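One letter stands for each residue in the lines below.
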Amino acid sequence: MSRPILEVKDLKKHFPIHGGFFGGVTGHVYAVDGVSFDIARGETLSLVGESGCGKSTVGKAILRLFPITAGQVVLDGTRIDDMPAGRLRPLRRRIQVVFQDPFSSLNPRMRVRDILAEPIRNFGLAKGKDEMEERVAALMDKVRLPRDAVGRWPHEFSGGQRQRIGIARALAAEPDIIICDEAVSALDVSVKAQIVNLLQDLQKELGLAMLFISHDLAIVEHMTHRVAVMYLGKIVEVAPKRELFAAPKHPYTEALLSAVPVPEPGAQRQRIILKGDVPSPINPPKGCRFHTRCPYAFDRCRVEEPPLRPLEAGHLAACHLHDRPAAENPLAGARGGALLPA
Amino acid sequence: MALLEIENLQTHFRTPDGVNRAVDGVSFNVEAGETLAVVGESGCGKSVTAMSILRLIPEPPGRIAGAIRFQGRNLLELSDREMRDIRGNEISMIFQEPMTSLNPVLTVGRQIGETLRLHQGLNRQQAEARAVEMLQLVGIPEPQRRVREYPHQLSGGMRQRVMIAIALACNPKLLIADEPTTALDVTIQAQILDLMRDLKRRVGAAIVLITHDLGVVAEVAERVVVMYAGRKVEEAQVGPLFRTPRHPYTQGLLGSVPKLGSSLTGTETRLAEIPGLVPSLKQKIPGCVFASRCPHATDLCREVAPALEEKAPGHVAACHYAAREGAMAA
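Same order as they appear, the protein sequences are chains A and B.
Letter by letter, the first sequence follows residues 1434 to 1775 of this note's numbering.
Letter by letter, the second sequence follows residues 2 to 331 of this note's numbering.
These are computed hints drawn from the structure, not numbers from a lab.
Keep in mind that the hints are not guaranteed to be accurate.
[Stated by the list, open to error] Stretch by stretch, here's where chain B covers chain A in the computed footprint (C-beta under 8 Å, at least three residues): (1) 1649 to 1657; (2) 1687 to 1696.
[Stated by the list, open to error] Just a few of them, taken from the derived set where beta-carbon distance is under 7 Å, the chain B residues facing chain A: (3) Phe243; (4) Thr245; (5) Glu274.
[To be verified] Examples of chain A residues toward chain B, derived with CB under 8 Å: (6) Glu1483; (7) Ser1591; (8) Ser1618; (9) Asp1621; (10) Val1622; (11) Ser1623; (12) Val1629; (13) Lys1674; (14) Arg1675; (15) Phe1678; (16) Ala1679; (17) Gly1699; (18) Arg1704; (19) Ile1706; (20) Leu1707.
These figures come from a predicted structure and were not determined experimentally.
Quick reminder that beta carbons are idealized off the backbone N, C-alpha and C, glycines included.
Next up, chain B with everything else stripped away, as it sits in the complex (with noise of 0.2 Å):
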């Protein structure tokens, strides 16, 4: 049994001009310890993927349809007080911005010994003694000094330290990163991205890493799952993916970055595009969802929806003519 298993997730959200199917029929597993990436561009539905794991969608006008099995107990049944047991202590998130998902007017350390003190029963003393071995965890310097400070006496790398240090306090089984590097320089984010792996080494959490930002998949990931206009358009190991995607969206995404190195090398080349916009979730699309926008789309994605289908062994993607192994390209 997978830590978690989403299966057929719905998120539709009731807007005055029609129902916003932001995430529609997504499925996969995460299995304990590994780190998942969800990626896609803005409005693909990832991040309410993840909000709706942790159910911090608001109902309505939000409603999540399908289940989501944590350890084999589905989330979407769980009483609001069941799910509040989970949150932060078996299911933790990191959220992008560190400035606005810290409190202003606590200190650090009340802030990390929050989640403590309700999960773990520990008094004041003990919650903030914790509070400085897991501000050390993280790489602070001088956490005797710093678990009394202010979020705004911390720079954005360290801020996000602490909403590291925050997610892993109770030892979840599983974080849910929201872009956690993309509000950072790029210094800062090679250090936050060198921390996240190191930690998983030891605390050995599954992480599922929401980003749009392929360089981050390839570096911490080690299965991706890409989504486009609310669905699951492939899955697939990350080096399988990055090296033959099969799903023409794939494709244009990692066409579409410019790799650095390229002037060196000699494989500067006109960046690929994909022509047009992503399609209004407002409207039931009956095909593919990329077909408005795909160089290969034919009349049959224009009607068919292609189902997810194995195109090489764990390699999965809804496309009805991406190449399976060891065929040609229709």
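Only chain A is shown next, with the shape it has when bound in the complex (with noise of 0.2 Å):
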């Protein structure tokens, strides 16, 4: 197997809260809390969970738009998070970002044709202005936006356009790897399916591989080949998306399965309700962080944490109860889960 394109090692990042009298560190925001997987090429890895769980936070250290605390960020076997800016400035190309707001992340005073040579112009990629432009009209081709619409400004597309003009300024630099950060949760239903569909294509044209990080459950189903599952800045489970839906080996991944609503008047699924909030990362809860809101939860998960371990080819979970005999455990077998009808 070839070297996956990025691989993350036991990435940390811990956010001080200053405070008190002199303005000192009073505490921290574990934000993300040692979080390791890869990607291959071509491949969509999915990284799912609910708000403040860290799932942006790993986007934005992959990123480097801040330092780490601690871990790994290796991109195509060269560890890229301790490199010095002036080294890191190309590799940067490989790495593109398509952000949740396609209204505020388009700069408002410049035109499409400027914004997407911004990119191409940094890394150097055309030569000459003939070049310059003919990229630009091929990239609004790829994301089929009128090639004479390059003139305009971003406040005259609405909000589906603006994000085909981010995920355009994303492909200008021709990058390995794009991370979608919400990138379709501000969109309308009828413009999502559009947005959906066109990072389909252009992932299968491409060969891009793709970080999708997402609250929306069914959506990733849709575009994902893999799922990561996070709550309070660690990973509880990452699976192959069909192994995942079907049997979800980490009862926070079985809760937030079945909370999603379905558009199916009338289903009978099983549904497991979530008691309480989730604890604030800047004091997690000792030994497993979910056990606090986990319906299954025993004596051990309040004192041990449990490791992020495989349980089945390619399918981890972080959870004890699969120390336990099958008749005891509720998430042992594929039970279908809750999303089949019952």
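Need the complex rebuilt from these two chains, each delivered in its own frame; the hints are there to steer you.
Following this line, the structure appears as structure tokens:
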């Protein structure tokens, strides 16, 4: 097997909290606390979880939008997390990002042509004006916007069209991997479908790897090859899509799947309603971080943190239940999940 | 007589470059105790419809025409004083953003008590005691302590519970919920939807649920109104609407949402796209509002606006070509 395009090893990002009379550090937000995964060329890995679980922080840490606390980010065999800024610059071309909000992520004072030309110029991808024009036009074709719209301003476009511009800008640098941080979440249903289809087509056409950060499980299932589920700064489960949706091996994944409203009236599903709220990442619970809300928690969960470990080929989960005999493990075996009609 | 009858509601806004027809001739009824969902994408007029019911639209630039009859009285003809007696008392509202719709400098107890003191003449102590009961009803742990807390001390899910407590404090007959779970995480959304279902059984208020999320509609609504570009394009019971949508827009909308579990049942397909964009509401559209994006549109659609027709018992759609019960599509 060839080397993955991106490897993240034990990534940690703790944000200091300043307070007190002298503004000293009084604590930390453990936003990301030991996350490891890798993405193969041409693969989509989705990072799912609820707000505050650290999924966006992982994306930003990979992009090195801030320094990380510990761990490694390896791009195609080269460690990039500790690289000096000057040497990192040419490598930034290979990881690009599409943000959630198509309104705030485009500069309102730049025409579409300039928005798309900027990365091409920065990374010296075009020789001369003609080639630049050609490349910009080709990008417009790729995201299915009319070529003659390059002279227009961002405010002249709708939300979906702006997101297309955002995607074109990411593609302009000819990246190997694109990080989509809730890239379709702000869009209306019918427009969302257009952008999801576009992303899928582009990935197939260009062989891009994708880190798809989202809270929308139905879209994730539609888009992805593999899924990593995060809770309070940790990955609790990673698996290929079908395995995860058919037989989740972590109680949080199971609850998350069962909580999604399905557009099918009268569908009889087993629903698990979690009690309470997500605890604060400033002071995460001891032991398993999910034990305060877990319907199956037992004594061991409160004291010992379960490691993320393989249970089946490619299917990892961090849960003590799998040490128990199958009869006492509500997650044992393929249950077909809460998703299939009863 | 229905609890709420909306007849030919037109809410228009004057803007420097023309009149924006945000809601353009919408009619529907809400029966006592039922849950009606109003669905559509942003800009379809669903929220403006909700705001119009409570007359929360600033006039001018807005102008509301038509009739909104609540228990037989036309709300549009009431004085401001009479309207105040209805708001929060007989009809109440839950907004999307629990952070911006709660007052950050008042305790949640004061905010729940405010409606009670205003409408039911309770004194401070009585109002607070009732506020504690309401917090208990909406499932907030330690209500005696929470009642003295401020909104920033609560999580998003708890704030939305407080909003629901305020809305239900005076036992309203009608509750308008405008995207009540859109800002919440899925596990919290499941809690809130569960709470709304449970409370509806216990309190018996009718609910008008404004949402864009078809999953939420399928889970809580009994009847559905689909809006597009300021008009009602389809209305039906929730089952028939999802099973046999009649209007091409509803069909497109349903086709464009991926269904959870699709990778397991082998029903994974490319998502249906609705091409193009919602038309500008500032031009008068002579024909069908959906014609510019409809795969079946003909000249007839572009020239003549289709009337809402009963295509099956209790199932209306505004489309020249939608199949009638038993008939084949043209």
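Going down the list of hints, with the structure as the test:
1. Counting residues of the stretch 1649 to 1657 of chain A whose CB lies closer than 8 Å to any CB of chain B gives 5, so the stated coverage by that chain holds, three being the minimum.
2. Three residues within the 8 Å Cβ limit are the bar, and the stretch 1687 to 1696 of chain A against chain B gives 9, so the coverage statement holds.
3. The closest approach between the C-beta of B:Phe243 and any C-beta of chain A is roughly 5 Å, which is under the 7 Å cut-off, so the hint is satisfied.
4. With its C-beta approaching chain A no nearer than about 12 Å, B:Thr245 sits outside the 7 Å limit, and its interface hint is violated.
5. Look at B:Glu274: its Cβ gets to within about 5 Å of chain A, closer than 7 Å, so that hint holds up.
6. At a threshold of 8 Å, the smallest CB-CB gap from A:Glu1483 to chain B is about 4 Å, leaving the interface hint in force.
7. Contact between A:Ser1591 and chain B, as hinted, is supported at the beta carbon level, the nearest pair being about 5 Å apart and thus within 8 Å.
8. Here the hint on A:Ser1618 is broken, as its CB sits about 11 Å from the closest CB of chain B, past 8 Å.
9. Interface hint at A:Asp1621: satisfied, since its Cβ lies 4 Å from the closest Cβ of chain B, which is below the 8 Å cut-off.
10. At a threshold of 8 Å, the smallest CB-CB gap from A:Val1622 to chain B is about 6 Å, leaving the interface hint in force.
11. A distance limit of 8 Å between C-beta atoms decides the matter here; for A:Ser1623 the minimum to chain B is near 4 Å, and the interface restraint holds.
12. Interface hint at A:Val1629: satisfied, since its Cβ lies 6 Å from the closest Cβ of chain B, which is below the 8 Å cut-off.
13. The beta carbon of A:Lys1674 is positioned within 8 Å of a beta carbon in chain B (closest approach about 6 Å), and the interface hint is therefore held.
14. Interface restraint check: A:Arg1675 against chain B, minimum CB-CB distance 5 Å, threshold 8 Å, status holds.
15. With its C-beta approaching chain B no nearer than about 6 Å, A:Phe1678 sits inside the 8 Å limit, and its interface hint holds.
16. At about 5 Å, the closest approach between the beta carbon of A:Ala1679 and any beta carbon in chain B falls short of 8 Å, and the interface hint on this residue holds.
17. Interface restraint check: A:Gly1699 against chain B, minimum CB-CB distance 7 Å, threshold 8 Å, status holds.
18. Here the hint on A:Arg1704 is kept, as its CB sits about 7 Å from the closest CB of chain B, short of 8 Å.
19. Annotation: A:Ile1706 was flagged as interfacial toward chain B, and the flag holds, the nearest CB pair being 5 Å apart, inside 8 Å.
20. Interface hint status for A:Leu1707: upheld, as the beta-carbon distance to the closest one in chain B is roughly 5 Å, under 8 Å.
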